[in-house]
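Enquirer: Protein chains in written order, with this note's numbering: chain A, 79 to 398; chain B, 5 to 208.
Below 27 Å or equal to it, Euclidean Cα-Cα: the simulated BS3-like pairs (lysine-lysine) are:
1) K191(A) with K99(B)
2) K192(A) with K25(B)
3) K99(B) with K192(A)
4) K191(A) with K25(B)
FYI, nobody ran anything at the bench for these hints, they're computed from the structure.
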Amino acid sequence: MSGGAKLQVVVDQVVPVNDLITRFRFVSRDGSPLPAFSGGAHTVVEMDDHGVRRLNPYSLMSDPEDRSGYEISVRRDDQGRGGSLFMHRHVKPGMEMTLSYPVNLFPLDSRAKKHLMISGGIGITPFLAQIAQLTHFGGRFELHYAARNRALGAYMDRLTSAHPDRVHCYFDEEKQAIDLNRILSNQPIGTHLYVCGPKGMINWVLATAEAMGWPRLALHHEEFLAPGTGLPFAVHLAASGKTITVGTTQSLLEAMEAAGVDAPYLCRGGACGQCETNVQKCDGTILHRDHWLSPEEHAEGRKIMPCVSRFEGKTLVIDR
Amino acid sequence: MLTPVTPTIRSRPVYAPLEPKPGRLHLMVADGEGADALIDLLGKVNDRSQMLALAHVMYTPGPNGTDRSDALKALGVAQFFRAPTIPALLPRLIKVLADAYMGTQFYLAGTEGLIGQTEREIMATGFPVGAIQKEHRGSTVRRVQCVHCKGITESVATDPFKCSHCGLNLFVRDHYSRRIAAFQGVNIDAEDPGLVPEPVVKFT
Numbered sequence: 079m080s081g082g083a084k085l086q087v088v089v090d091q092v093v094p095v096n097d098l099i100t101r102f103r104f105v106s107r108d109g110s111p112l113p114a115f116s117g118g119a120h121t122v123v124e125m126d127d128h129g130v131r132r133l134n135p136y137s138l139m140s141d142p143e144d145r146s147g148y149e150i151s152v153r154r155d156d157q158g159r160g161g162s163l164f165m166h167r168h169v170k171p172g173m174e175m176t177l178s179y180p181v182n183l184f185p186l187d188s189r190a191k192k193h194l195m196i197s198g199g200i201g202i203t204p205f206l207a208q209i210a211q212l213t214h215f216g217g218r219f220e221l222h223y224a225a226r227n228r229a230l231g232a233y234m235d236r237l238t239s240a241h242p243d244r245v246h247c248y249f250d251e252e253k254q255a256i257d258l259n260r261i262l263s264n265q266p267i268g269t270h271l272y273v274c275g276p277k278g279m280i281n282w283v284l285a286t287a288e289a290m291g292w293p294r295l296a297l298h299h300e301e302f303l304a305p306g307t308g309l310p311f312a313v314h315l316a317a318s319g320k321t322i323t324v325g326t327t328q329s330l331l332e333a334m335e336a337a338g339v340d341a342p343y344l345c346r347g348g349a350c351g352q353c354e355t356n357v358q359k360c361d362g363t364i365l366h367r368d369h370w371l372s373p374e375e376h377a378e379g380r381k382i383m384p385c386v387s388r389f390e391g392k393t394l395v396i397d398r
Numbered sequence: 005m006l007t008p009v010t011p012t013i014r015s016r017p018v019y020a021p022l023e024p025k026p027g028r029l030h031l032m033v034a035d036g037e038g039a040d041a042l043i044d045l046l047g048k049v050n051d052r053s054q055m056l057a058l059a060h061v062m063y064t065p066g067p068n069g070t071d072r073s074d075a076l077k078a079l080g081v082a083q084f085f086r087a088p089t090i091p092a093l094l095p096r097l098i099k100v101l102a103d104a105y106m107g108t109q110f111y112l113a114g115t116e117g118l119i120g121q122t123e124r125e126i127m128a129t130g131f132p133v134g135a136i137q138k139e140h141r142g143s144t145v146r147r148v149q150c151v152h153c154k155g156i157t158e159s160v161a162t163d164p165f166k167c168s169h170c171g172l173n174l175f176v177r178d179h180y181s182r183r184i185a186a187f188q189g190v191n192i193d194a195e196d197p198g199l200v201p202e203p204v205v206k207f208t
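Can you make the complete structure from the sequences, with help from the hints?
Expert: Right, here's the structure in full:
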């Protein structure tokens, strides 16, 4: 089955953190320890939303050494496709759910002398697990964490009380901004930078660091893309011999799964590369939305990432 | 000119001409003919005076005796340091690295011995090895570790050669260790002691 082996879990706790964010704790149904993971890993949560199958990736935020349970924090997106709303409205303690094994696309580079972390909003979650990991191993870190206001700064109290000299908080509504140039000028050689947050923040941090001479190999970021909506389109699946229609709020991957095609996937957010599929015929425009394929591959149009990308035009035939 | 290297196995390092990149400090380390690579690098940059003002050059003569110290000194870089040998250069590099910040660019040029040993110190800080620029110039003599006694012989010119530590006859492989900054030398007459091919000058 695609997506790797699955973990059968039960919801142990549902804890509202603030107006937008709720934390969920999962434990295994048979009480056995869950697989170990490393800071920055995510799990794909399978949801049965009244007949609609939703699979959303969420960063694991709990201590990687705590194998008694996994914790995630979900920010409610009222304009989204519905996964976060399902988590907030329908997931209750005692409910049985299915998770993917943890996959880490945002690991710490343990060769680094120091880890510089920059986080915006819900982007804090992978850093919580990474900081727990660094605390066990004695690694050096510095966190800059921006939120809209004090009420929405999830886990800031926990972080600042545990690491008062390493955690710096900023609030947009108090006109506080991360002084990125100053921070990036003061990092010892061998520092690696990690950024997780809104797309605009990620682009700003990466572009500023590169302009200041930071090598790309020392810059790490994670952004899960929601598949995004668009016009419905038809696709012919050559290997399966099926023609399917992808709905407005559906991804191509979800449409294939709904048609009974077992397509490969891992992150479902355009990051990991697992679902890469060859395009056999394309009379139209592929709307590439992943950050896996290179700009050249996007321009060639011979590959598509079905988890996030869409199509507009007459004919699309893919090798699946 | 960049010394050509024929790619053989994956671990055998390959090199490329140095290219200027934005940075707060340009740390340039060279030996022998590597000085010419630094001079060529400075010839490519748009704002030469700015790069010179942010440049720290560390230099040592090559294993063939080539010493271009005067040409490098004449460039007018912010800091110039000449060491008599590579082992005498490394402590200075280690001290500079301890005080360096991200945004520093590294340019290494010259023999593989110089490049490998300086790269190893930079790598030890956690700086990504793939972001260190390296241009091989001049002598191709090799720094080789005997896989049997672990002793390192510098400036190996022939293949095979006699280990300067344990005396075994060693075949020089392209197998390279970034951690040790040396090629691997393996005993060539283990099965038939004394049956050693005639040494050929392969590295000059």
